[in-house]
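S.K.: Line order of the protein sequences matches chains A and B. Taking the working numbering, I'd label the letters of the first sequence as residues -9 to 262. Taking the working numbering, I'd label the letters of the second sequence as residues -9 to 262.
Any given hint could turn out to be false.
[Claimed, not checked] Pulled a few chain A residues facing chain B out of the computed Cβ check, cut under 8 Å:
| no. | residue |
| --- | --- |
| 1 | Asn94 |
| 2 | Gly95 |
| 3 | Met96 |
| 4 | Pro97 |
| 5 | Phe121 |
| 6 | Phe150 |
| 7 | Gly152 |
| 8 | Thr160 |
| 9 | Gly171 |
| 10 | Asp175 |
| 11 | Asn183 |
| 12 | Tyr187 |
| 13 | Ala200 |
[Said to hold, decoys possible] Now the stretches of chain B that chain A is said to cover, found in silico as 3 or more residues with beta-carbon under 8 Å:
| no. | segment |
| --- | --- |
| 14 | 165 to 177 |
| 15 | 180 to 190 |
In short, the hints are calculated from the structure, not lab data. Bear in mind that the values here come from a model prediction, so they are computed numbers and not experimental data. Note that CB positions come from ideal geometry on N, CA and C, so glycine has one too.
Number of protein chains: 2
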Amino acid sequence: MIVDKREEISLKERQLYLAKALEFAKETRSVIKSVITSGFTITSKPDKSLVTTADIEAEKVFREKVAEAFPDFGVIGEELGISNPEADFQWIIDPIDGSSELANGMPLYGTIIGLHYKGYPLIGVIDHPAFNSCCYAAYGLGTFCDDKRIFLNDFETEIFDGTERVATATRSNFMRYGDEGRIFDTLVKVHPNIRIYFCCYIHTCAITGAVDATVEWNVRIWDIAATQLLIEEAGGKYQSVRQTEQPGVGSVYCAVFGKPKLVSKIVELLNL
Amino acid sequence: MIVDKREEISLKERQLYLAKALEFAKETRSVIKSVITSGFTITSKPDKSLVTTADIEAEKVFREKVAEAFPDFGVIGEELGISNPEADFQWIIDPIDGSSELANGMPLYGTIIGLHYKGYPLIGVIDHPAFNSCCYAAYGLGTFCDDKRIFLNDFETEIFDGTERVATATRSNFMRYGDEGRIFDTLVKVHPNIRIYFCCYIHTCAITGAVDATVEWNVRIWDIAATQLLIEEAGGKYQSVRQTEQPGVGSVYCAVFGKPKLVSKIVELLNL
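Same shape as in the complex, but just chain A (with noise of 0.2 Å):
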């Protein structure tokens, strides 16, 4: 018999990690809105995406409570690195997903917020700074956004005529580590009622069922470190499709999640 790995953690403790990773949840999007206020700069990385002074400092207070709060547990954060890479417990932040969506003025991006135990998610949180809106589950503990409860309600059947809503990720993510616009094109041809926000509102939306499904495309695990347990709490199916080694840049995941009868459609229509 299979024992979930999770299961080793008490419904107490879990209880103890999300209330804490709402806390530092609080913390950043008070750092963000701080930040914004005040006036932000932008630069550009080596792989030509930019990252604000916002991104930083809101990674930054994330590890120093962190820190102070579990000071054995692992941190792979999008801008700061990795500290403690051998610790069962890690926690993973983007603390600005989205960051060009920002230095252009739109309000989409979002906090993502993981721990994860011995690989597992055990906690998830996204939050929106710019719509004061949160989304966070536990293992066993349910998915909520703004506090409400979320139950994704299934398809009744697996026939579909092109009006349900699926949201992706841009062509371009598509051809990051070589030329997959083959996939992006037969995505949006069988369903035309497509959305691409370039940031993790795609996830949000499937999260709270505003989109039926979400195909996310060549992203790192900071992306998704909440995605999957966000969904499955809600009763909706989280499937990785892809998980490759890229070279000078680590592991690249993708995967399809939201109401489980389109996102085995879809997967099976991307066939990889």
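Fit chain B to the given chain A structure using the hints.
M.R.: Only chain B this time, still in chain A's reference frame:
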């Protein structure tokens, strides 16, 4: 010598109309927020698009305010039809552009208000109630977003590398009156850094420069009543690429707008 008919309207009058348009937008914002807070109902229209009670209530209050202030002017509204179609001045409103997004709990929807004089746009407003954000323009008086004057910078060359930010409609929009999916496919192949929001936020982003250009497809007069003026007064280029009459529907518009050099390149690419 061709004189723009809008010159018949004095600057002072334009200022007055702008002030009134902003008053109307304040009213519609307040009605929309209050209907959303108190709980709205959603119904399907004959064309299968959604309408909410927030749409209807906002258009009602707009028409009341217009009737009070401008009893001789015409009104064209998405939800409640046409009045006084022969008048030189026509107020045009889409009370909620993006009703299906609102119905799904998404915040990008907006209210579009235009005042046209003898067919030319004189005043344009796009208001986003969920963000408390508003873009407005009057002919000859510039474009402002959140009370900050907007000046769109053009590109320096006509050579693009695929990182330029382009927003567009869903692929479904391109298939609404015949299968023009290939136009969408061509656009996203050449400009893969694409955003799709399914509401007037793709216009707002072109107006503020958050995206470099937007391609809007198969929309009605109320969808684009404000955009041309908002783009042109910000120093951008608005190019109508097609206007057709669809049986049982009416006039349907396609347009490209944003930073001039990119708009020209996209129009050339679409080759209509």
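S.K.: Run every hint past the structure and note whether it holds.
M.R.: Hints, one by one, checked against the model:
Below 8 Å, beta-carbon pairs count as interface contacts, and A/Asn94 has one with chain B at about 4 Å; its hint therefore holds. Checking A/Gly95 against chain B by beta carbon gives a least distance of about 5 Å; that is within 8 Å, so the hint holds. For A/Met96, the suggested interface contact is upheld, since its CB lies about 5 Å from the closest CB of chain B, less than 8 Å. Checking A/Pro97 against chain B: minimum C-beta separation of about 6 Å stays under 8 Å; hint holds.
Because the closest C-beta pair between A/Phe121 and chain B is about 6 Å apart, less than 8 Å, the hint holds. Here the hint on A/Phe150 is broken, as its CB sits about 13 Å from the closest CB of chain B, past 8 Å. A distance limit of 8 Å between C-beta atoms decides the matter here; for A/Gly152 the minimum to chain B is near 7 Å, and the interface restraint holds. Hint status for A/Thr160: holds, given a least beta-carbon distance of 5 Å to chain B, under 8 Å.
Because the closest C-beta pair between A/Gly171 and chain B is about 7 Å apart, less than 8 Å, the hint holds. Contact between A/Asp175 and chain B, as hinted, is supported at the beta carbon level, the nearest pair being about 6 Å apart and thus within 8 Å. The restraint placing A/Asn183 at the interface with chain B holds, with a minimum CB-CB distance near 5 Å, inside the 8 Å limit. Given the 8 Å rule on beta carbons, the hint for A/Tyr187 holds: about 7 Å separates it from the nearest Cβ of chain B.
With its C-beta approaching chain B no nearer than about 4 Å, A/Ala200 sits inside the 8 Å limit, and its interface hint holds. For a cut-off of 8 Å, the count of residues in the segment 165 to 177 of chain B with a CB near a CB of chain A stands at 4, and the three-residue condition holds. Remark: the segment 180 to 190 of chain B is confirmed as covered by chain A, as 7 of its residues place a Cβ nearer than 8 Å to a Cβ of that chain, reaching the required three.
When each numbered hint is compared with the structure, a violation occurs for hint 6 only.
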